[in-house]
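Asks: Start from the sequences, fold in the hints, and give me the full structure.
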Amino acid sequence: MKRFLLGICCLFAAACDGGSSSGTADVVGDAAGGADASADVAVDVPTPDLVPTPPPKLTSVISVVQVMHFVAEGPPGVTSGLNLDGLVTTATDSTGCGQPDFVGPDGRPGVDNAFAHVLPPLEATMSSTVNETAQEAINTGEVLLLLAVDGIDDPQNDDKVTVSLYRADGRPNLGTDGRVLAGQSFYIAEGEAWSRDENATIKDGVISAGPFPIVLSLDFFDTHIDLLMDNARVEYRLDASGNLTGVLGAMSHEDTLYKMVNDLDADFLPIAQVLLPEYADIDMDGDGRCDALSLGVELTGASAHLYQDAVIPK
Amino acid sequence: MKRRELTRRTVLKGLLGGAVATFALPPLECLMGTSGQAWADGTGLPVRFGLFFWGNGVLPKRWIPAGNGPEWEVSEQLAPLLELGVKDQVTVLTGMNMLLENINPHWSGAAGWLTGKPLIDTDDHDTFAGPTIDQMIAQKIGGSTRFRSLEVGIEAKRGQSFSAANTRNPIEKSPHGLYERVFGVGFTKPGDEVTVDPRVGLRRSVLDAVLGQANRLKADLGANDALRMEQHMESVRELELRLARMQENPPALDACVVPAAPTGVFVDEDAQIHLADTNRAMCDLLALTLACDQTRVFSNWFSDPVSNVQFPGGAAGYHQLTHEDPGEQEEVHKAAVQIVAQYGYLVKALKSVPEGDGTLLDRCAVLGTSDVSRGLNHGAENIPVLIAGSAGGRLKAGIHHASPTGANIHRVMLTLMRAMGIPQASVSQDEAFTTEGVSGIEV
Amino acid sequence: MRRVFWGAIWLSGLLVLGGCDAGDSGAGDAVAVADVVADVQPDLPPVSPREVELVAVSPTMQRLTRAQYTRAVHDVLGAHIVVPQTLEPDTTSEGSRAVGSGLATISPRGAEQYEAAAFQIASQALSADKRAALAGCAPAAAGARDDACARAALGPVVKRLWRRPVAATELDELVAISGTAADTLGDFWEGLQFGLATALQAPAFLFRIENGEADPEHPGQLRRTDWELASRLSFLLWDATPDDALLAAAEAGELTTSDGLEREAMRLMASPRLRDGLRAFAEDWLELHDIAEMQKDPTLFLHLSPELVAAAKEETLLGFEHMVLELDGDFRDLFTTRETFLDRTLAALYDVPAPGPEGMTLTTLPETSTRRGLLGQASFLALRSHPTSSSATLRGKFIRERFLCGEVPIPPVNLSTGLPPVTEDALTRRQRSEAHNSEPGCNGCHIMMDPMGLGLERFDGLGRMRWTENGAIIDPTGDVDDVPFADESGLAEVLAKAPELPGCFVQQVYRYAAGRLDGKAEAELLEALTRQFATDGFRVKALLVEIFMSPGFRRIGPPATAVEVSE
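Chains as they are written, first to last, in the working numbering: chain A, 209 to 522; chain B, 290 to 732; chain C, 251 to 817.
Check before you lean on any hint, since a few could be wrong.
Reference excerpt, derived from the structure (chain C facing chain A, CB under 8 Å, subset only) [claimed, not checked]:
{"no.": "1", "residue": "R594"}
{"no.": "2", "residue": "W717"}
{"no.": "3", "residue": "T718"}
Chain A is nowhere near these chain C residues, computed Cβ spacing over 10 Å in every case [stated by the list, open to error]:
{"no.": "4", "residue": "V302"}
{"no.": "5", "residue": "P406"}
{"no.": "6", "residue": "T434"}
{"no.": "7", "residue": "G436"}
{"no.": "8", "residue": "G462"}
{"no.": "9", "residue": "A495"}
{"no.": "10", "residue": "G503"}
{"no.": "11", "residue": "D509"}
{"no.": "12", "residue": "L524"}
{"no.": "13", "residue": "R525"}
{"no.": "14", "residue": "E533"}
{"no.": "15", "residue": "T586"}
{"no.": "16", "residue": "G609"}
{"no.": "17", "residue": "L677"}
{"no.": "18", "residue": "A685"}
Keep in mind that the hints were calculated from the coordinates and are not lab data. A virtual CB, placed ideally from N, CA and C, is assigned to each residue, including glycine.
Replies: Below, the structure written as structure tokens:
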């Protein structure tokens, strides 16, 4: 290790004596390696194109939903969700069935989210919050949603992309923050419902898809239920690291909800039949009576992949 | 209580078999079986040495306390000493400089300060040139207890305790492991009668055979390897001595309370160490280890030089912070305060064990120190030095001793060795050679 | 040819350090160059490494590593034995445990641990269901000594443990210890445990000791004995103690012949156990020993988990094994390949589709991936980083020292090492370190490391790809000794072609094989080995053959008479 010390000290001396830095290479070459080395001074290195490889242009992006955040009414009249019926209704509108639309946190009008009203009384009956329950369901893999965008030509503005919503299989790996870990791979759950919109769009980076029906199957108080939601829509945005933020909006017809309540506990059906119409805010069949409840959920997600041998439903 | 007759002979035989006089003779009262009475009033109680080391120094500007002598105020970084109620037992020395060559950042400081010798090779910090201060002391006063010394670590990966060049003493990083080692198999509560296991004697004969083999092999080895073999033999001899201890009845000790095994999780599933919990458990065990006279010398390597120990809430690891925390280095400061709190806990743990007329701490000197003064520039001037306890009245406790002109830090080494009753004439070498201690803290 | 560049570094370092000042000898001390920067010079006369004239280096005794100790116990006494994990830690020197094993002693704590382990192992080896098979005899009476049976039982076992014939007096001592213990405890088998535990604590087991013998081909000089060659071969290729066949070859005097040595070496190389040896080398070469204890801030690195860390190490080791065994390829491809072994945790970190849900599987990263080879692996990227951030300097330093065998001077003390804070003008680490390196005294050394390390800045402190830092786009351009590259992929390609790379690798393998740093006298041998390596297509297996057939492996110097503390 130390044997070159002497040589280096000589180098120092020589360099200083020379008093010039232009002769450095020769001086050093001689001292360190002999004639061969100094002969190699002028190596012509072709200068390659020094443009770093940019982030890959992806034509397909898959995200996994890490958090589904059900929101109650924040400031009066404000909550998250999407305008599912295309209407902006007030308390006195006949089309709104006495349920005024919300304004989104971003100021957008016409937000439909009847669940924002249901959330507080519902949580009063539960030992944990809806959001805790939802998080548990996500983290254990019970409700693991994948959002896939395919056919991207331009990640900012593209008037035709395909968005698919899948259920993923298995227990996810969690990160040190307790959320589903970014970048991991999944299989698409076999035999579970999936949804797809082949005419989704990207506008100013916001991916919009739907309406399509979705089925959320979950275990609720030890009972398995399949919650069918119609006219579901998603709007979300992906950042450079693949992190997803967005909103899922959907509605459920009262008959679907009655069936669900009946499956859970038939004793509650009469109560539900009294209560649900109070909250119904959408007139699905256009008969002038609101017969469906809307729902808005804030989504947070991260990049995900499918296993190399995963089967994608066609 | 019945005592075995041949205790002293057994020990002496072990010592003579060792052939090298590394171990001091044990205190006579221990061997004569009179120690029970002798220790009752505290006069026969042994002195103990402890080392608490952390890497990367402090922020000297916020470390040095105001005032001098017994009247001093804790600085920002020393505040935990006051909060933990141990300020009056801790002496702070400032202005202490490591005068040996300081070439290799961190490692020149650690090796030079702790051994009194520069690094063997300035490029290679993997080994020190000789024994570190804990081992210099252990080699003199450690011979009469079951363990000549104990080395533990909290965040440290290796610890820097060397019993000789190239002989690093591994550290125990698990409180469970320390408990098993000290209070598990082989431990007899002081005052209890030992159950003599015939296997112990047989194990000693095995070690005798190993020593014989090593001795024969040594003859054909090159000079370096012969030294290494000799070091191995030293280690085997020490083990043999420990086995000899296990055949003796330990004298009763009032202060000795056998602790329960530590409970708790000290490393989480991401391999991150729970620093304060681990330190607390280790220090509690060390205090009772001393009280039960299982050892008289210990070192607690909180972190190694260049360690990147990260405290909960810290912005980055300590080493990285010392180099990258901008401006006044608020983050470095916060970490330094946390480190002092760990040292303070050790002092408090020793203080909480009653012994003789006072506490265990009264008979200890616990050096708290680091490898550099300030991590940012690896300075060897004003290296932090704390000494807790008065070593049985030989040291002044609870003062601030400021050396305005910059004193040789190895004077502290000499003072500490003498406080342990070792008649040491000088320590260190070159610029750092000294025959004088720090008279200002000596009684 | 890169020596020229070195000169430039020294000089620039010198100028900024002010090292021209005659009074400043410290700067000179701090600087040293790799012992060997062996350029590949195809026009030089081809001297086979086997023919190089060598003044052989004195022996260095090596302490068994923990892995070697464990494997020896399993091989000789039974794979069922649980070897205590609390053995004396391995010693590291120059980052290498192999080199460290040539310095290691045994501490008091270590002696205690070896003693405890010896008895735990002996008791398992001689447990009621295993003792008959191991001993091959039964005592005349179970409750008393039986020296004949003890001798029969211990003889072959101790020979394998000690890797050499056991002298009659040595065996007598072990039999006597067993006999005394058997009588004392009233149990033959318990007594035998004491004899076996003695053998397990013996320096002949714990240390690999070499004395050599007169070399008939070089009168007045020494060569390694057959037994010593058996050990050296076996620990190099299998990281294990010699098997019975190898000991038989040693006993027959075959290993001191070229044919015999090559035949046995090729047998070991053909065995699946070569994997153990390759893994041990790769772990040492790439300093992966302590990866499990790596401290990282879990609030910043969400992917951190024990599974990930284990997988990261495994990826590197499996990749090395694959390159050497399955491909028998050019070792430089280790730096550029996109083939690697991933499990689901590592694939998540790399943000690529995992090959499957279980285990590590060979997969090919996309052609567009700039993550390539060793430098793109999490084991390298995470270990050569800080707990909270990446480090271009640590990464560059490892490349400079371990792959190019340059030596980076230690930074002078009393030099402010602070990186400036993140500001509008300096958002990325490159920008901040450029500000730092513009300070006098910094650039001379950092130029040896940072231009390479900065090429990896798009990998964060755990090895995950990122494109921006504090909102600014990361610039991954740099150069390897003035050869520019555009990004991490370019760095891989440039490094793979760096002229120092093969010679440096040869030096690393040689040190590992020798268990010590190479000596001055071995420079010519290393150059010859490097030339041969090039001729053989840079294949690792071919290099191993040349090393163990070389005089550096077969010959040995006399014991050193003076204590050397430093070269």
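Asks: Report holds if the minimum CB distance from G436 (chain C) to chain A is greater than 10 Å, and violated otherwise.
Replies: holds (56 Å)
Asks: P406 (chain C): least C-beta distance to chain A exceeds 10 Å?
Replies: Consistent with the label, P406 (chain C) stays out of reach of chain A, its closest Cβ about 43 Å off (over 10 Å).
Asks: Please verify that the nearest CB of chain A lies beyond 10 Å from L524 (chain C)'s CB.
Replies: holds (30 Å)
Asks: Is the shortest C-beta separation between T718 (chain C) and chain A less than 8 Å?
Replies: Status holds, d = 7 Å.
Asks: Evaluate the condition: distance from the CB of T434 (chain C) to the nearest CB of chain A exceeds 10 Å.
Replies: holds (53 Å)
Asks: Quick check for students: does the CB of A685 (chain C) sit more than 10 Å from each CB in chain A?
Replies: holds (21 Å)
Asks: Please verify that hint: W717 (chain C), Cβ, nearest Cβ of chain A, below 8 Å or not.
Replies: Holds - the Cβ of W717 (chain C) comes within 8 Å of chain A, reaching about 5 Å at its closest.
Asks: V302 (chain C): least C-beta distance to chain A exceeds 10 Å?
Replies: The claim holds: V302 (chain C) sits with its nearest Cβ about 19 Å from chain A, beyond 10 Å.
Asks: Is the Cβ of T586 (chain C) farther than 10 Å from every Cβ of chain A?
Replies: holds (14 Å)
Asks: Going by Cβ atoms, does G503 (chain C) stay more than 10 Å from chain A at every point?
Replies: holds (38 Å)
Asks: A cut-off of 10 Å on Cβ-Cβ distance, and G609 (chain C) was said to be off the interface with chain A. Does that hold?
Replies: holds (13 Å)
Asks: Is the Cβ of R525 (chain C) farther than 10 Å from every Cβ of chain A?
Replies: Non-interface label on R525 (chain C) holds, nearest chain A Cβ at 26 Å vs cutoff 10 Å.
The structure agrees with every numbered hint stated previously.
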